[in-house]
Amino acid sequence: MTSTPDADVRVAAALPAATEPRRRRRADDSAGPLTYVVLTVTALLFLFPFYYSLVAASHSPSDLYDGTPPLLPGPQIFENMRLALEQADLVAALGRSLVVSLAVTATTVFFCTLAGFAFAKSRFRGRNALFGITVATLTIPPTLSIIPLYVVMTRLGLVNNLMSVILPGAVTAFGVFFMRQYISQALPDELVEAARVDGASMHRTVFSVVFPLARPGMAVLGILSFMAAWNDFLWPFIVVRQSPTIQVAVAGIGAGYTPDISVILAGTVLATVPLLVVTAIFGRQIVGGITAGAVKG
Amino acid sequence: MAAHAPTTTTAEPRGAGRPPTRTPPDEAARRSRREGRAFRRAPYVYVAPFFLLFGAFGLFPLVYTVWISFQEYRLGGGDPEFVGWDNYVWLFGSPSFYNSLWKTLTIGLISTVPQLLMALGLAHLLNYDMRVRAFFRVSMIVPYATSLVAATLVFASIFANTPGGLMNVVLGMVGIDPINWTNGNWTAQIAIATIVTWHWTGYNALIYLAGMQSIPKDLYEAASIDGAGRFRQFLHVTIPGLRPTILFTIVLSTIGATQLFTEPFLFGNGAEGGALGQYQVLTLYMYNIGFEIGRLGRAAAIACVTLVIVVALVLLNTGLAHLRTRDKSQPLLRRRRGASSKKVSR
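Chains as they are written, first to last, in our numbering: chain B, 504 to 800; chain F, 663 to 1008.
Please keep in mind that the hints were generated in silico from the structure rather than gathered at the bench. Certain hints may be false.
Here are some of the chain F residues that sit facing chain B, going by a computed Cβ distance under 8 Å [stated by the list, open to error]:
#, residue
1, P711
2, M792
3, A962
Remember, predicted model here, so these are calculated numbers, not experimental data. For every residue, glycine included, the Cβ atom is placed at its ideal position computed from N, Cα and C.
Could you build all of it, start to finish, from the sequences and the hints given here?
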């Protein structure tokens, strides 16, 4: 890292000992106790709703409404989960969500990597126009397409069929953008050229060179796609109400005429635990994905 | 196109270089021509599946929304019927529409502004060297990884008006009378904005953190030599260096604010957006008109107007940013770009 000439002159003029600013920077860089306190409090605030949903889900409703909310887990968690399962077929819903999320993840990662590779490493007529369209649609909220999509799905006879959720999520403009960025950094042009010179066909190049080298980026895109598909609510709520995904099913528990918060929250615990496990395992990759996506800014 | 020249030239010498007596030259040429065609076609083969799916379920619906917005189109009803601008005339005469515009704006502001300010502060803290850094960073994404359905249901119970509502109990401990979170005008909006803020603050903090890490350290050294303390460094080095990132998060949050649905829908469990419509935001209104009242044409008109608003806001944001980068801080920005381009990103 080279410093700007401007800064160099100032350093030379102001400081005879060249090592001094470095030491000072190091002291400046490490966190003080206040930083730890603020970050710990923030982390607790971020985690608290989970804790509270566990607590509330493990008490009887009357415990929740007697004026002093419990702050420690109670004995009722399994009873409340049983009641939640009685009100909505959460097991089937979990299964549907798993099918949808895995399908969407597979197609997004595969097709977006292929397109991202083409945009990153080969030139073809219309490339800039096609990529321009893709990037331009990044800013258009998908929510605005639900009405025409619903009409389309009705015509195709796919309402209450999981395909109606999988198809619109099968590829994303973000995925192509993300994989293009990743591949142009992670895959040297020389490697693609070398594979070609060695006589590998384009498809062979993709499977033996591009996919192995792009795997970390594909993993991040996969996790983000899985999370988005798992957590999606509005579109599944409209189109698969009769065979709900987990979010739709959980939202439906509360729709009864006596909404019973501890049972609802027992349902949310069931719906959230799988993703919390994913987050705990892949936390670093998710952080990496969010920050890599931000570099485009 | 230029990239294909080498592929055909590398293929041809190989065929031509072989003993011409053994291989019939036209066979080799045919093979290399076939290979060349395959290479030239390949990029299209690779982008085709994406554009087929994206075109069908991403681009086509956008155009189709516009068409539907000019039709009288009823949910489960008969064939659509062209009605010209009727849906728009109805929309601009509807008080609920103006209410939802206003509520989208107010909830957007009270969720976005504190959220981005807190995210900036958190990113600054996360940028220090510290122990358990990974834990703090992962804790930032936990809310983002949670489904909005689960988050809204938990927060709805925390903000409940019933005697055990946690928020009111906590406020009671510091001597504040119970607040009507579900039915009040501003209070309900604040409750919903709280959910949004909880969900997105950590996400934005990580984006800012990535931006901060690309600011060259020498700028801070120069500033500290000039006698700037931590706070002034933050103000005069970090903030100007983060300007493109800040713009990016503002654009994202603006788009997010116009898409708000799950939080207001499940907070009060209905598409009316509260007893007074106090949190009936645009998307909720669109859903209500389209899928509960069953007027898809009118709902499509709402979607089109929302789209115009989104595009206008994004252009406004980027336009403002361009105006502001023309001021005196530009040399600093230029310096930053020059320095960071030399560095390979991690």
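- Message: So, against the hints stated earlier in the document, which numbers end up violated here?
- Response: Failing hints: none at all.
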